[in-house]
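Read off the chains here:
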Amino acid sequence: MARAGEMRAAGIVVSVLLASMWLLTRQSGDVDSESQLVVYCAHDATYAEQVIQLFEQQTGITVEVRFDEEANKSLGLTNLLIAEQNNPRCDVFWNNQTLGTIRLQHAEILQPYRSQNADRIPNQYKDEAGYWTGFAGRLRVYLVNTDHLSATEDVVNKVLQQGSLSRVAIAQPLFGTTLSHYSVLMAAWGEDRLKAWHAEIHERGIREVRGNSMTKDLVAEGMCDVGFTDTDDAFVAIDAGKPVAMVPVRLESGQTICLPNCVAIIKNCSQLDNAQKFVDFLLSADVEVLLANSGARQIPLGTVKQSQLPPEVLELQTWAADGVSLTGAADVNQQVLDWLTAEYTGQ
Amino acid sequence: MTLETVLAWSTARSVMLTTLGLLIAIPISRTIGQTLGHAATKPTAQKFWIAAALLPLFVPDLLVGFAYRLVSAQLLHSVAATEALYAVLLLTRIVALQFAVQLMLPCSAVSLEALHSWKLILHRNRKWWLTWLRLQVSGPARAPLVAWLGGAMLCFQEFETAALLQIDRHPIVWTVWLFDAHAAGEPLSSSLNLAAPALAVQCVWLIPCLWLLLSGSVLPTYAAVDMRTDHSRVLTLFATTAIVVSLGLVLCWPILSNATELGGGIRNLIGTHSLWARSQQVLASLTECTLAAYLALQLCSFARFIKPRSLKLVLVLPGLCSPLVLSLSLLAAFQLPVLHRWYDTWLPMLLGHVLLLLPRAMLLVTVLNCLTPAAAQHSGDLLFSANHPPTKTSARQLSWTMHKRKWLLAVAILTHWCFWDVTIAATLRPVTFEPVVTRLYNEMHYGHTETLVAMTGLALLIPALMFTVAGLVWQRIETVGTE
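Taken in order, these protein sequences are the chains called Z and V. Take this note's numbering: the last position of the first sequence gets the number 347, and nothing is skipped along the way. Take this note's numbering: the last position of the second sequence gets the number 1483, and nothing is skipped along the way.
Where hints are given, some of them may not hold.
Claimed, not checked - So, partial list: chain Z residues that the calculated Cβ filter (under 10 Å) puts toward chain V:
(1) A83
(2) N86
(3) C90
(4) S166
(5) A169
What the hints assert, rightly or not - Computed, partial: chain V to chain Z, Cβ under 10 Å:
(6) P1027
(7) E1113
(8) Q1166
(9) W1177
(10) L1214
(11) Q1397
(12) N1442
These aren't lab readings, by the way, just hints derived from the structure by calculation. Cβ atoms here follow ideal geometry from the backbone N, Cα and C, with glycine treated the same way.
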């Protein structure tokens, strides 16, 4: 009797929990599958949600979006797309930088699409064959604590060129935009010089942390004077009223490092028409303006009305105009990753 | 750094910290054990001290790591200081676990008289020593040994705090090292190979732990000790200091340093009309985790009937491989044609969580079975067959107190651990569902501390509220009303 009662109770518990799960997540359950789209988005959810909601309002297409997690950003969506290669559930990949997308292109996971709106994007930020197109970039910058240093290129360069770097922070280069930064440096300098520079900054005591966000925190809280980071992280600190300012990272050629978002359609995706509409939408001037006015202050790469941009983005635009082509960095990206893997994990 | 070096560091850290933890946990257990055995101690005071000593075990690793990430970054150039900070934070959790084990497990399954009688035997040959050792292990040393092994496993499996405190260079934690290796492009098969030695290390701890737990089932006894002696006063002072420091580190400091943000965070959530959306997110995560916890406990209960016993080990192995390897393996499995139709559903995440919880569930079930002796259980069951309604009501009350309340608590504990797991949720969730814990991680990154604090409040409050309500309702159903 007692056992039968327990089994019945167990059945009820499981049924109630399953029903609750269904109820709590059925928002899109009634939507016609042809008006749906699955987007993997590596851009920060806080800023990307607004753009996606606008697309849904304008087209009536429901977007199921999977954001990347900062927790496993480096493992995240690029590796997931590779794992799902034979049975893709994603239609469009909105990456927050380019090199990972180029890796997917080499793995034959993308399909080409030439959007009409891509014409407004400069050639250096898009693939010739149309496998991916860049838009709305961010820059690699030095974040400077203005309580401790003047935020000028001369001062920062002086700090970096000599003496201890114990008050300078950089993210571990195995991941994210610091990996892209290293790839750009290898393309510009060659392998030997990059390795020597990497060894030198560590010998001089640079603080290596696990992400740009931590770099930003260290500078913003005054624990470091200078940090290598991106403009979107820098603006988080600036908006929080911290005593910080940005200086662009420049190569010896004077070029800056601009890392655009980029969009690509997944090969054999189930919603090709909707995917193309979403790509068209993302590459429009309106979206670049929207992202420029978001907290991340992303820099429009195509032509937009300058009057619609906030003043800080206008300044960033002048820096981004000097952006280095990422083709060379893409070519050496795997080489950099192999070297860093051996360096950091002994594998 | 090679895998061997990484494992050596991690194992050494685990052994040292669990030994140190035991030296702190034993006085705490004795002090609180004395209050339990002391008639003059009020039940409220007993509950308070038990809750205070156990609390660090339930403060999520993620939040502790976040609270101390900047302190750790300041210490980056001093390996010893970084390691010391990590060790102190880990110790708070290890001590809490070891206290829990000693609180719940019997003091000794071998009487003092038996040990004394054995010592009186004069012929001390090899057999004598072996039996003496067996008597010690199943007697006075049993609870401390289980606590030591449990502490070592807890320390060895830790990932989130280590990642946030950046224990990723010299010395390093194997879970972070494996994450970095995989992130840098190691294929899944290679990651599985790399995880195998770590699995072996954990089995070395888990197997004796289970054997010790299964080797006795006597109820805990707390001897009444005179608390007015100097020795007891020193013991009490030490235990109180350890509990206060521990709570200060993992609870008070993180709360105090962020409390001012809570009001603003709640206002933000209300202002952006996202309070309900976030609460819904918490409820969805909670429901899935409760189901996973419930299924894990049920599986462990059914595992009692598995013969031979060694097969039970197969159930717990996946959960010991680290959440990263487990989630990547399931991801690969659900890409196979035979399983792919269930890929973008709740199933992979649910399965991942169940497998992750199984080792802990098995330990909990074993402990729970120790706490409720079969004879008492059987006597309670017999009362159900009575035709006398008041007797049946008493039987229900007894069943609630002896059995169901403890199982509800076990579900709550497992749900809590599952709820705060990031890796499996992030890797295996369906597209339509964003677990609250991954959202929290992203809020950390954006520096939205106010929203982060408010969401953390919701993520802690809603599950506590739901389980309290569930407990009260269940208790009412069980203890009120007759046939």
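The hints, checked one at a time:
1. A83: holds, 6 Å
2. N86: holds, 6 Å
3. C90: holds, 8 Å
4. S166: With a minimum Cβ separation of about 6 Å from chain V (threshold 10 Å), the hint on Z:S166 holds.
5. A169: Holds, about 8 Å.
6. P1027: violated, 37 Å
7. E1113: violated, 38 Å
8. Q1166: holds, 5 Å
9. W1177: This hint holds: V:W1177 lies near chain Z, its Cβ roughly 6 Å from the closest one there, short of 10 Å.
10. L1214: For V:L1214, the interface hint is violated, since the closest Cβ of chain Z sits about 23 Å away, which is over 10 Å.
11. Q1397: violated, 15 Å
12. N1442: holds, 5 Å
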